[in-house]
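A.B. asks: One letter stands for each residue in the lines below.
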Amino acid sequence: MLKIEGLTAEVDGKEILKGVDLEIPTGELHAIMGPNGSGKSTLSYVLAGREGYEVTGGSVTFNGRDLLAMEPEERAAAGLFLAFQYPVELPGVGNATFLRTALNAIRRARGESDLDAMQFLKLARQRLKELHMPEEMLKRGVNVGFSGGEKKRNEVLQMALLQPRFAVLDETDSGLDIDALRIVADGVNALRGPEFSALVITHYQRLLEYIVPDRVHVLMGGRIVRSGGPELAQELEASGYASVQAA
Amino acid sequence: MTAMPQRGAEGFLHRFEGLRPRLPGARLPWLEALRDGAAAAFRAQGFPTRRIEAWKYTDLRAVADAGFDEPLTILDDGLALPPAHGAARAVLVDGRFRPDLSSLADAGFTVEGLAPALPAQEGRLGALARPEQEPLTALNTMLFEDGLVITVPAGLAGGLLDILSLATESERPAAFHPRHLIRLEKGASLTLIESATGPAEARYLHNPVFEIEVEEGATLVHARLQQEGRHAFQLSTVYARVAAGGTYDNFTLNAGGRLVRNEIHVTLAGPKAACHMNGAQLLGQGQHADTTTFLEHAAPDCASRQTYKTVLAGKSRGVFQGKILVRRAAQRTDGYQMNQALLLSPDAEMDSKPQLEIYADDVKCSHGATVGELDAEQLFYLRTRGIPEVQARSMLVEAFLTEAVEGITDPIARGILETAIAGCWEGQTEKAA
Numbered sequence: 020m021l022k023i024e025g026l027t028a029e030v031d032g033k034e035i036l037k038g039v040d041l042e043i044p045t046g047e048l049h050a051i052m053g054p055n056g057s058g059k060s061t062l063s064y065v066l067a068g069r070e071g072y073e074v075t076g077g078s079v080t081f082n083g084r085d086l087l088a089m090e091p092e093e094r095a096a097a098g099l100f101l102a103f104q105y106p107v108e109l110p111g112v113g114n115a116t117f118l119r120t121a122l123n124a125i126r127r128a129r130g131e132s133d134l135d136a137m138q139f140l141k142l143a144r145q146r147l148k149e150l151h152m153p154e155e156m157l158k159r160g161v162n163v164g165f166s167g168g169e170k171k172r173n174e175v176l177q178m179a180l181l182q183p184r185f186a187v188l189d190e191t192d193s194g195l196d197i198d199a200l201r202i203v204a205d206g207v208n209a210l211r212g213p214e215f216s217a218l219v220i221t222h223y224q225r226l227l228e229y230i231v232p233d234r235v236h237v238l239m240g241g242r243i244v245r246s247g248g249p250e251l252a253q254e255l256e257a258s259g260y261a262s263v264q265a266a
Numbered sequence: 021m022t023a024m025p026q027r028g029a030e031g032f033l034h035r036f037e038g039l040r041p042r043l044p045g046a047r048l049p050w051l052e053a054l055r056d057g058a059a060a061a062f063r064a065q066g067f068p069t070r071r072i073e074a075w076k077y078t079d080l081r082a083v084a085d086a087g088f089d090e091p092l093t094i095l096d097d098g099l100a101l102p103p104a105h106g107a108a109r110a111v112l113v114d115g116r117f118r119p120d121l122s123s124l125a126d127a128g129f130t131v132e133g134l135a136p137a138l139p140a141q142e143g144r145l146g147a148l149a150r151p152e153q154e155p156l157t158a159l160n161t162m163l164f165e166d167g168l169v170i171t172v173p174a175g176l177a178g179g180l181l182d183i184l185s186l187a188t189e190s191e192r193p194a195a196f197h198p199r200h201l202i203r204l205e206k207g208a209s210l211t212l213i214e215s216a217t218g219p220a221e222a223r224y225l226h227n228p229v230f231e232i233e234v235e236e237g238a239t240l241v242h243a244r245l246q247q248e249g250r251h252a253f254q255l256s257t258v259y260a261r262v263a264a265g266g267t268y269d270n271f272t273l274n275a276g277g278r279l280v281r282n283e284i285h286v287t288l289a290g291p292k293a294a295c296h297m298n299g300a301q302l303l304g305q306g307q308h309a310d311t312t313t314f315l316e317h318a319a320p321d322c323a324s325r326q327t328y329k330t331v332l333a334g335k336s337r338g339v340f341q342g343k344i345l346v347r348r349a350a351q352r353t354d355g356y357q358m359n360q361a362l363l364l365s366p367d368a369e370m371d372s373k374p375q376l377e378i379y380a381d382d383v384k385c386s387h388g389a390t391v392g393e394l395d396a397e398q399l400f401y402l403r404t405r406g407i408p409e410v411q412a413r414s415m416l417v418e419a420f421l422t423e424a425v426e427g428i429t430d431p432i433a434r435g436i437l438e439t440a441i442a443g444c445w446e447g448q449t450e451k452a453a
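Those protein sequences? They're chains A and B, same order as listed. Everything in the first sequence is counted per the numbering used here, starting at 20 for the first residue and increasing by one. Everything in the second sequence is counted per the numbering used here, starting at 21 for the first residue and increasing by one.
It is worth saying that the hints were derived from the structure and are not from the lab. Worth double-checking, as some hints may not be accurate.
Said to hold, decoys possible - Here are some of the chain A residues that sit facing chain B, going by a computed Cβ distance under 7 Å:
1) 95
2) 107
3) 112
Stated by the list, open to error - If you only want the chain A side, here are some residues facing chain B, beta carbon under 7 Å, derived:
4) 69
5) 91
6) 92
7) 96
8) 101
9) 109
10) 111
11) 121
12) 124
13) 125
Cβ atoms here follow ideal geometry from the backbone N, Cα and C, with glycine treated the same way.
Could you build all of it, start to finish, from the sequences and the hints given here?
C.D. replies: Written as structure tokens, this is what we have:
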């Protein structure tokens with residue numbers, strides 16, 4: 020599904036990723052853990068194609084295609100989704116309009132027909148219900164005046180509507196209370212299956228109690244320094260990142 | 021063989037001297053005095069230059085140098101009229117009212133051409149306009165031939181009235197200067213949707229002046245869709261006076277024309293009068309649009325809101341000048357003014373000059389101005405959701421304009437404006453692509 024080889028990248032002339040190697044097979048959910056400044060968010064932005072994050076070497080292959088050669092919207096159309104650590108506010112853009120435009124753009128890219136307003140509303144209501152979100156969230160401006168938890172849930176709602184094949188969740192757990200965390204985890208778990216893969220980026224082990232990963236990787240200093248099963252997350256929680264560095 | 025029309029202020033004055041005995045209302049002494057006074061003012065001032073503070077950012081040399089003729093409208097030409105927004109529509113062709121093209125049977129109030137109604141306009145025509153202050157108003161006063169007189173009687177809900185202003189002259193540069201008199205008597209209401217358009221390649225000057233009286237408790241929504249041809253000049257001046265408890269809402273969309281000035285003077289003359297002035301300017305290659313507002317708070321407990329948004333693409337220039345004057349008597353004034361510009365091209369330029377002049381002490385007045393580009397983070401966010409870049413850009417531009425439209429209280433007018441804006445903006449993106 021996703022294969023990262025020797026990926027190096029810099030931001031403002033500073034090298035952040037220093038040779039990342041990572042392979043996530045179809046149907047698996049992997050977690051990346053690491054201390055602040057280890058390059059976790061940089062990796063997610065590079066995967067999504069953000070300007071200013073300059074790839075200086077290596078490759079990323081997504082279902083056999085060169086991901087780095089694609090525009091952000093092409094990556095989304097190919098099935099990649101990034102849940103932002105800090106979802107962006109769009110004053111003046113209604114959430115319903117935004118969601119429907121995005122869904123129809125992706126449907127078009129897949130060769131499917133547009134959903135009209137009624138069809139969309141029916142689908143959106145269903146997803147909202149599954150995520151225990153109030154319908155009123157559709158009427159507001161995108162993320163405008165949303166609490167931290169509401170913004171994260173709105174990310175999960177987008178994911179539930181767009182049905183990506185590969186999701187990158189960048190610290191989706193930060194700023195969430197335990198109830199919101201469960202809702203977010205339920206949203207991710209609902210998508211899991213043999214055709215869906217994900218990369219969950221997190222600072223804490225807490226989220227991984229609800230979204231149990233197949234593999235856990237530790238990113239430090241711009242490289243994957245250790246990989247293991249879900250038990251690695253608990254080990255990190257107990258002894259911290261310093262022990263990994265020493266190992 | 022026709023001689024080339026004379027240029028500049030001299031050209032217009034020369035034409036006034038020639039036409040003077042044949043202009044509508046030429047035998048009305050009060051009107052003759054008004055026209056002569058305006059001509060004297062125009063002779064003294066000429067076209068405003070950028071040395072004059074009110075014209076610091078807008079250069080009228082292109083208008084002065086053009087050399088205009090009177091329009092020769094071909095009467096029996098099968099004119100293609102755009103569809104009307106409502107049942108009642110008044111149509112002006114090259115500045116002249118055309119009852120034959122208008123449909124006013126259902127209006128329920130009086131809409132008439134100014135020229136035949138002139139004898140009854142003594143004291144009303146010229147009550148608000150200031151030819152001695154504004155040279156373009158002087159030019160209009162000198163040369164107007166027609167226009168509309170709209171009177172909504174006390175207590176009547178007038179509904180929606182379309183005004184369509186069509187320019188047809190495409191052979192030679194033509195100038196027309198309609199004068200419109202609008203009065204809403206006590207407690208009356210009316211929504212005016214005024215559309216101005218003309219041939220794409222024609223070079224013409226449309227120089228309308230509005231004198232608007234909103235009496236006690238009356239409400240006028242005045243939406244103006246300026247979609248003149250891309251080589252046209254539109255220089256318009258609106259004077260409005262709002263009595264106690266009355267409301268005047270002005271929304272102007274500036275999308276067409278090569279050089280456009282939208283000058284609005286509003287006086288809140290009685291307690292608890294209100295005014296909303298909103299506008300959107302959508303400018304592309306080679307366009308210049310200037311919105312200049314003067315809002316006078318002359319009575320206590322009045323509220324005013326102004327929100328202007330300008331989107332500039334290609335080599336274009338936008339101007340906003342807005343002055344709020346709060347007189348000593350206007351205690352508890354609530355005034356707000358915001359103007360924001362979005363630059364989509366490195367060749368675009370925006371000049372803005374907000375100004376507050378306050379003589380009362382118990383006043384809440386604020387203003388703000390921003391100039392910026394599309395937010396890269398917002399654009400990226402939309403694209404990561406699969407929305408192609410061009411579409412993402414237009415979504416953000418429409419979102420930027422939303423706030424200006426939200427101020428329109430009349431839902432029908434708001435719908436018409438939203439559609440017009442979306443249409444213009446799509447046109448702009450197609451041109452850019």
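A.B. asks: Check the structure against each numbered hint from earlier and tell me which ones fail, lowest number first.
C.D. replies: none
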